[in-house]
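Let chain A serve as the given structure and place chain B with the ligands on it in line with the hints.
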Amino acid sequence: MDKLLSVNDLRTHFYTREGVVHAVNGISFDLEAGETLGIVGESGCGKSVSMLSLLRLIPQPPGKILSGSANFNDIDLLSTSEDELRKIRGAKISMVFQDPMTYFNPVLKVGKQVMEPYLLHNDVSEKEAEERMFEMFAEVGISNPKGCAEDYPHQYSGGMRQRAMIAMALMCSPEILIADEPTTALDVTIQAQIIDMVRKLRDDFDMSIIWITHDLGIIANLAQRVIVMYAGYIIEEAYVKDLYKKPLHPYTIGLLNSLPRLDMKEKEKLNTIEGIPPVMYKETNLCPFAPRCQFAIDKCLNENPPLERFDNKRSVACWVDVETGKERK
Amino acid sequence: MTTYIIRRLLLVPLLLFGVTILIFGMLQFLTPAERASLYIRDIPKNERQLEIIIKHYNLNDPVYVQYWNWMVGKADPITGEIHGGILRGDFGYSRTGSEPVMDMIKHRFPATLELALLSVLPIIAVGIWLGVAAAVNHNKFIDQLIRVLSIIAASFPVFVFGLLLIMIFYAKLNWFPTGRYSQWVLEEIVSKQFATPTGFMTIDAIKAGRWDILLDTIRHLVLPVLVLSYISWATFVRVTRSSMLEALGQDYILTAREKGLSENQVVRKHALPNAMIPVTTMAGFTVVGLLGGVVITETIFNYPGIGSAAASAATQLDVVTVMGFALFNGFILIAANLIVDVLYGVIDPRVQLS
Ligand SMILES: Nc1ncnc2c1ncn2[C@@H]1O[C@H](COP(=O)(O)OP(=O)(O)OP(=O)(O)O)[C@@H](O)[C@H]1O
Ligand SMILES: [Mg+2]
Numbered sequence: 001m002d003k004l005l006s007v008n009d010l011r012t013h014f015y016t017r018e019g020v021v022h023a024v025n026g027i028s029f030d031l032e033a034g035e036t037l038g039i040v041g042e043s044g045c046g047k048s049v050s051m052l053s054l055l056r057l058i059p060q061p062p063g064k065i066l067s068g069s070a071n072f073n074d075i076d077l078l079s080t081s082e083d084e085l086r087k088i089r090g091a092k093i094s095m096v097f098q099d100p101m102t103y104f105n106p107v108l109k110v111g112k113q114v115m116e117p118y119l120l121h122n123d124v125s126e127k128e129a130e131e132r133m134f135e136m137f138a139e140v141g142i143s144n145p146k147g148c149a150e151d152y153p154h155q156y157s158g159g160m161r162q163r164a165m166i167a168m169a170l171m172c173s174p175e176i177l178i179a180d181e182p183t184t185a186l187d188v189t190i191q192a193q194i195i196d197m198v199r200k201l202r203d204d205f206d207m208s209i210i211w212i213t214h215d216l217g218i219i220a221n222l223a224q225r226v227i228v229m230y231a232g233y234i235i236e237e238a239y240v241k242d243l244y245k246k247p248l249h250p251y252t253i254g255l256l257n258s259l260p261r262l263d264m265k266e267k268e269k270l271n272t273i274e275g276i277p278p279v280m281y282k283e284t285n286l287c288p289f290a291p292r293c294q295f296a297i298d299k300c301l302n303e304n305p306p307l308e309r310f311d312n313k314r315s316v317a318c319w320v321d322v323e324t325g326k327e328r329k
Numbered sequence: 001m002t003t004y005i006i007r008r009l010l011l012v013p014l015l016l017f018g019v020t021i022l023i024f025g026m027l028q029f030l031t032p033a034e035r036a037s038l039y040i041r042d043i044p045k046n047e048r049q050l051e052i053i054i055k056h057y058n059l060n061d062p063v064y065v066q067y068w069n070w071m072v073g074k075a076d077p078i079t080g081e082i083h084g085g086i087l088r089g090d091f092g093y094s095r096t097g098s099e100p101v102m103d104m105i106k107h108r109f110p111a112t113l114e115l116a117l118l119s120v121l122p123i124i125a126v127g128i129w130l131g132v133a134a135a136v137n138h139n140k141f142i143d144q145l146i147r148v149l150s151i152i153a154a155s156f157p158v159f160v161f162g163l164l165l166i167m168i169f170y171a172k173l174n175w176f177p178t179g180r181y182s183q184w185v186l187e188e189i190v191s192k193q194f195a196t197p198t199g200f201m202t203i204d205a206i207k208a209g210r211w212d213i214l215l216d217t218i219r220h221l222v223l224p225v226l227v228l229s230y231i232s233w234a235t236f237v238r239v240t241r242s243s244m245l246e247a248l249g250q251d252y253i254l255t256a257r258e259k260g261l262s263e264n265q266v267v268r269k270h271a272l273p274n275a276m277i278p279v280t281t282m283a284g285f286t287v288v289g290l291l292g293g294v295v296i297t298e299t300i301f302n303y304p305g306i307g308s309a310a311a312s313a314a315t316q317l318d319v320v321t322v323m324g325f326a327l328f329n330g331f332i333l334i335a336a337n338l339i340v341d342v343l344y345g346v347i348d349p350r351v352q353l354s
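Residue numbers (this note's numbering), protein chains in the order written: chain A, 1 to 329; chain B, 1 to 354.
Pulled out of the complex, with its shape left as it was, chain A reads as follows:
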């Protein structure tokens, strides 16, 4: 398959009063055409920051992209001109955010906001943009599109707002849709509807998706490949099937164990990963997960494991072979 997006050594820090937050610490990954890639990890592990960095949307200052490249259609998103990048934002790469309430402008009509990227990136009339919007509203299942276009965001329900936000992201038929926990704020039934809808849209629009979530369950439903992040590092990357069958990183194992299962007995407690995620104020020379890791060996406390290829189709950043509990050879 073709590489649509190729990210290399992306590193983003925030220079705050309390210290330097090492939010993203040199991550590399590829996105293939037509693929859906899931990104999972605990809160604060750098999922949003890494995606926002790709479009240079982090606030600078305090943020700074220290290194990296992100090749998309022979353009390096991280070094190209601001003008060039603006032509890509919202047109070829679109984002959908977590909270559709705060990510819509409260004083502008939803219709106006949804049409905006289409009008901006295409030489079309208001009328044509409106037609396009109604098409998109139909795609995302907004009935009564005319009325909805005239409404303000606060008049929408949460699920409808998220549908409208997805419609907005799809207006220009992007090649990549980045969805940053778009269903976290919704209740479970609506969440399932939205995910079904996205799956359908993915095929209709022939686009690649990067889907960020806390929820490994959603990933299993939607993605082909998954990246697990921890403390600003990618610590495991694999096809979804492989990951579920045989997680290689102790953190991934912990994540999978903490999923509720159908065969679980009543009163059986959900497993949790002991300890709290690290504060990312300093460069570590140990594995960032080592303090919470039940498999940790001496080496883990002295050297941060690099992400290494494994079985030629997956990668993991861990010194330990979790099956034997010994250092991997």
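Careful: at least some of the hints might be erroneous.
Derived Cβ-Cβ restraints for the label pairs, each shown as a range [what the hints assert, rightly or not]:
{"#": "1", "chain 1": "A", "residue 1": "GLU308", "chain 2": "B", "residue 2": "LYS140", "range": "42 to 52 Å"}
{"#": "2", "chain 1": "B", "residue 1": "GLN265", "chain 2": "A", "residue 2": "GLY34", "range": "28 to 38 Å"}
{"#": "3", "chain 1": "B", "residue 1": "PRO273", "chain 2": "A", "residue 2": "ASN73", "range": "33 to 43 Å"}
{"#": "4", "chain 1": "B", "residue 1": "LEU10", "chain 2": "A", "residue 2": "SER143", "range": "34 to 44 Å"}
Using 16 Å as the maximum straight-line C-alpha spacing, the simulated EDC-like pairs for lysine to aspartate or glutamate come out as follows [claimed, not checked]:
{"#": "5", "chain 1": "A", "residue 1": "LYS109", "chain 2": "B", "residue 2": "ASP348"}
{"#": "6", "chain 1": "A", "residue 1": "LYS87", "chain 2": "A", "residue 2": "ASP74"}
{"#": "7", "chain 1": "A", "residue 1": "LYS87", "chain 2": "B", "residue 2": "GLU263"}
{"#": "8", "chain 1": "A", "residue 1": "LYS87", "chain 2": "A", "residue 2": "ASP76"}
Since the hints were made in silico from the structure, they are not lab data.
A virtual CB, placed ideally from N, CA and C, is assigned to each residue, including glycine.
Then chain B with the ligands, alone, in the frame of chain A:
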């Protein structure tokens, strides 16, 4: 939207009632003899006659009777002529102005309004512009400069600034005179060579094509406008800056950038409409503040508006005039508030529901 406006309008009579009660309550601190000037111009010195008048106008009667008379007027028992009555536009007779308070307002209000409008419009335009410039360049040199200047302005007393301007531009340089017009303009007005149908000197001068009079008017307006507006400038810049900064930090700004809008478009189309919500409220307060500010400014510059008349009435204990002005001021404030509320509903769609 319409129901929102109607609801606001329904509130107006209630507010008017409140204002009249308040003013009327204050009038009760006067002696009946003093209150007589609410109805007649020449208050007799003679005790007997005074008593008759007090009786005629029920000035010793229960408060509600007096309030009623004060509101709708009271017929003179001999001539049958109706005197007084706020609702009839009769605010009583001004001792210091030697004319009915309402006539005084009619003569002087255009001057005050002209001064206030010429002050408020630049405040809004320049204040918003500077505030946005500061916010967009947050923590850069321009921002720091605008902030320092607005703090200096806000902490500099009006009368000091006014006197300073008079000392420099009037006494020393003689560029800008005080008052409203020069002697020769006044003579033309009095001799009806120059008509002032609107009462706004600038507009009348432009309409008549009298550029010499326009220039004279502007020369008289420069200093009072400066003094009246500079403090509000400072507050306006501060409010615009902070609400703009707040708007720029919101999530929807990220969405706007993510769509590919330029920074300029993001500010203009997405941040500014939101930042204008608190600024609109501020504009209402500014107008209110200006009406208070004219008292000092007009007095300093000997400008013949409502403010200077109110000040001299107050120093001569002409309470009827002061209260008349206060009542008028109250009406203006209610009107200003109504306008701000309606604007608010237009700018912020969320207002309509709540
Ligand atoms: N504007 C900022 N200023 C300072 N630190 C920031 C800023 N934005 C993000 N960070 C820090 O960067 C780190 C990564 O944040 P990020 O938002 O990417 O986490 P996340 O994985 O998306 O978490 P969540 O699941 O809660 O969305 C966090 O420690 C966060 O505190
Ligand atoms: Mg996030």
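Can the restraint linking LYS87(A) and GLU263(B) be considered satisfied, given a maximum Cα separation of 16 Å? Holds, because 13 Å separates the two Cα atoms, which is no more than 16 Å.
Is 42 to 52 Å respected by the C-beta to C-beta distance linking GLU308(A) and LYS140(B)? Holds: the Cβ-Cβ distance is about 45 Å, inside 42 to 52 Å.
At the C-beta level, are GLN265(B) and GLY34(A) separated by a distance inside 28 to 38 Å? 33 Å, holds
Can the restraint linking LYS87(A) and ASP74(A) be considered satisfied, given a maximum Cα separation of 16 Å? 14 Å, holds
Do the Cβ positions of LEU10(B) and SER143(A) conform to the proposed distance bound of 34 to 44 Å? 37 Å, holds
For the range 33 to 43 Å, tell me whether the beta carbons of PRO273(B) and ASN73(A) fit it or not. Taking Cβ atoms as reference, PRO273(B) and ASN73(A) lie about 35 Å apart, which means the hint holds.
Does the structure keep LYS109(A) and ASP348(B) at a Cα separation of 16 Å or less? It holds: about 11 Å lies between the C-alpha atoms, which stays within 16 Å.
Compare the distance between the alpha carbons of LYS87(A) and ASP76(A) with 16 Å, and conclude whether the hinted pair is satisfied. Status holds; Cα separation ~13 Å.
Violation of the numbered hints given earlier is absent; every hint is satisfied by the structure.
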